[in-house]
Amino acid sequence: MTLANLQRNWPVVALIVALLVGAAAPLALGMSAPGFYFEVLLGGLMSGVLYSLVALGFVLIFKASGVFNFAQGAMVLFAALSLARLSEHMPLAVAFICAVAIMAVLAWVIERLVLRHLVNQDAVVLLMATLGVTYFLDGFGQLAWGSDIYTINTGLPKTPVMVLERVFEGGILINTEDFVAAAVAALLVLALALFFQKTPTGRALRAVADDHQAAQSIGIPLSRIWVIVWTVAGFVALVAGMVWGSKLGVQFSLSLIAMKALPVVILGGFTSVPGAIIGGLIIGVGEKFAEVFLGPIMVKQFDLAGGGIENWFAYVLALVFLLVRPEGLFGEKHIDRV
Amino acid sequence: MSGRKIGEEILDVADISLSFGGVKALQNISFNVREHEIRAIIGPNGAGKSSMLNVVNGVYAPQQGRITFQGKVRGHMDPHDAAAAGIGRTFQSLALFKGMSVLDNMMTGRNLRMRTGVLSQAIHLGFARREELRHREFVEHIIDFLEIQAYRKTAVGRLPYGLQKRVDLGRALAMEPKLLLLDEPMAGMNLEEKEDMCRFVLDTNDEFGTTIVLIEHDMGVVMDISDRVVVLDYGKKIGDGTPDEVRSSQAVIDAYLGVAH
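Protein chains in written order, with this note's numbering: chain D, 1 to 338; chain W, 1001 to 1261.
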């Protein structure tokens, strides 16, 4: 980045600096022991990875079809429910494959019944359609699979492990399962990025995202592209659902996680896969830090009843980003010739 | 025109009528296009020229009439089917993939000719990679042909208008269409750009043997490059023939210059 570039983008730079300072402050000011600090950091990163996974589903569909898929959260819930209930009767691996198939069928049905009839309509129309899909999926999922709380047993040890005991006093407690989840997410992201940038199908997906009509007239089959992208998004939803579900149990509140992914995509940019990841991490770490370190200070200073920053921090951050950089950290800036 | 041989009829449009609600965009239009021909459609604004192209290309379904392409009568067809049958087109208002590079834009034109599936592409199998290279070679040939080598990696949205028009033509050519529909390929261009575009259209017709149907407002251009001309006015056909015949037709002169009532 050149100096002139830096000067032009100073609000973004200032915001990033502020975030970094905020992140380093607790340790620098000696507010917390290093061990505890890193535990909070890791905890934040882990939940950030999970936000990223959900955000990724949003980005995929938005990138490939220009549709803001409100139903992503419902898809996470539906996928997790399918996996949880199927795994009661068969090994998890088999249940996973069946769940992938279910999500593929779902993608096909959505294309057939909803998207196909709305080609070349306004983005708002498509958004409303996905809103409908959301409610349908929420209801249908519970109708088909039940509405209790179910568990997904991934077979990974849930017991925390103590690491780096030699480095810090008290070491750091981490969860094996969380680590595996993070690795899976990283792999998934890498694969998707390559798929989009390097394969002809990825190129066709980007073409469809850019201009439906032009894509059709050069012979890109819109319906097939949409099925592919919704299937991929369904797959991502399944992975997200599995990870969340095994951590928190599969229940209706899973579909509300999508609401947390919204600030993530605003932060990272609607069209950027890496943006979804980094946005997720920033939000995850940010809200944990805000809750643990900023919360007590605010409670003391302003004599508040309690913290609860975790619940709104992400949205405030997203709001600030909308003000200084509406296209998000990595989003495509629209270049319009006038 | 030089060594080009005009062949058999490739497209026959018979008795086409298209209306939107009460607006009759096209009324009983019939004309044909022969192989290797450059056929122009002209007419005042709102004459139904673009609608005519959209019917051939499958964007609109006419209420009445029959279209025969390469000896086969077409049933209902959407733009994707038309593309698969070998009909390529460019757009009056550019419809390029603005965020993508020139090269990627043109590679999308090869989509129909790619045989490998999503999965083999995803795991980057050898044959999928070889196929990609083969198509890349073809597209490079077109890039050379259109003299846009220098902009290969540039995002299309950043190019000046005249060059974008060229990329639009290139993307259509990458499909290796048998019939190419050009919707005002020279609109909004300066003289020099127009001359370039004319040359590309003529060379396309010459080198690739592509049959071309084009809409154009610039009479000089139309009379220079087309073999035969269809004239539309208010959705009706008022003239059809060689440039000379059309130029001397009273109905055409009236439509363009107005008649004293």
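Mixed in with the good hints there might be a few duds.
Computed Cβ-Cβ distance ranges for the label pairs, DEER-style [as the list claims (entries may be wrong)]: (1) Pro326(D) <-> Arg1074(W): 44 to 52 Å; (2) Leu131(D) <-> Gly1209(W): 26 to 34 Å; (3) Arg1129(W) <-> Pro326(D): 45 to 53 Å; (4) Glu1137(W) <-> Arg224(D): 42 to 50 Å; (5) Glu1137(W) <-> Pro326(D): 38 to 46 Å; (6) Lys1153(W) <-> Val12(D): 25 to 33 Å; (7) Ser223(D) <-> Met1219(W): 49 to 57 Å; (8) Phe1020(W) <-> Ser223(D): 47 to 55 Å; (9) Ala123(D) <-> Glu1137(W): 35 to 43 Å; (10) Val324(D) <-> Asp1206(W): 28 to 36 Å; (11) Glu1207(W) <-> Ile16(D): 49 to 57 Å; (12) Thr151(D) <-> Arg1074(W): 23 to 31 Å.
The calculated DSSO-like cross-link candidates involving lysine-lysine, where the alpha carbons are at most 30 Å apart (straight line), are [as the list claims (entries may be wrong)]: (13) Lys1194(W) <-> Lys1005(W); (14) Lys1194(W) <-> Lys1072(W); (15) Lys198(D) <-> Lys1153(W); (16) Lys1098(W) <-> Lys1072(W); (17) Lys1005(W) <-> Lys198(D); (18) Lys1005(W) <-> Lys1153(W).
In short, the hints are calculated from the structure, not lab data. Cβ coordinates follow ideal geometry from the N, Cα and C atoms, glycine included.
For each hint, the structure was consulted:
no., hint, in the structure
1, Pro326(D) <-> Arg1074(W): 44 to 52 Å, "holds, 46 Å"
2, Leu131(D) <-> Gly1209(W): 26 to 34 Å, "violated, 51 Å"
3, Arg1129(W) <-> Pro326(D): 45 to 53 Å, "violated, 39 Å"
4, Glu1137(W) <-> Arg224(D): 42 to 50 Å, "violated, 26 Å"
5, Glu1137(W) <-> Pro326(D): 38 to 46 Å, "holds, 41 Å"
6, Lys1153(W) <-> Val12(D): 25 to 33 Å, "holds, 26 Å"
7, Ser223(D) <-> Met1219(W): 49 to 57 Å, "violated, 42 Å"
8, Phe1020(W) <-> Ser223(D): 47 to 55 Å, "violated, 25 Å"
9, Ala123(D) <-> Glu1137(W): 35 to 43 Å, "holds, 38 Å"
10, Val324(D) <-> Asp1206(W): 28 to 36 Å, "violated, 55 Å"
11, Glu1207(W) <-> Ile16(D): 49 to 57 Å, "holds, 53 Å"
12, Thr151(D) <-> Arg1074(W): 23 to 31 Å, "violated, 57 Å"
13, Lys1194(W) <-> Lys1005(W), "holds, 25 Å"
14, Lys1194(W) <-> Lys1072(W), "violated, 35 Å"
15, Lys198(D) <-> Lys1153(W), "holds, 14 Å"
16, Lys1098(W) <-> Lys1072(W), "violated, 36 Å"
17, Lys1005(W) <-> Lys198(D), "violated, 42 Å"
18, Lys1005(W) <-> Lys1153(W), "violated, 37 Å"
Of the numbered hints given earlier, the model fails hints 2, 3, 4, 7, 8, 10, 12, 14, 16, 17, 18; all others are met.
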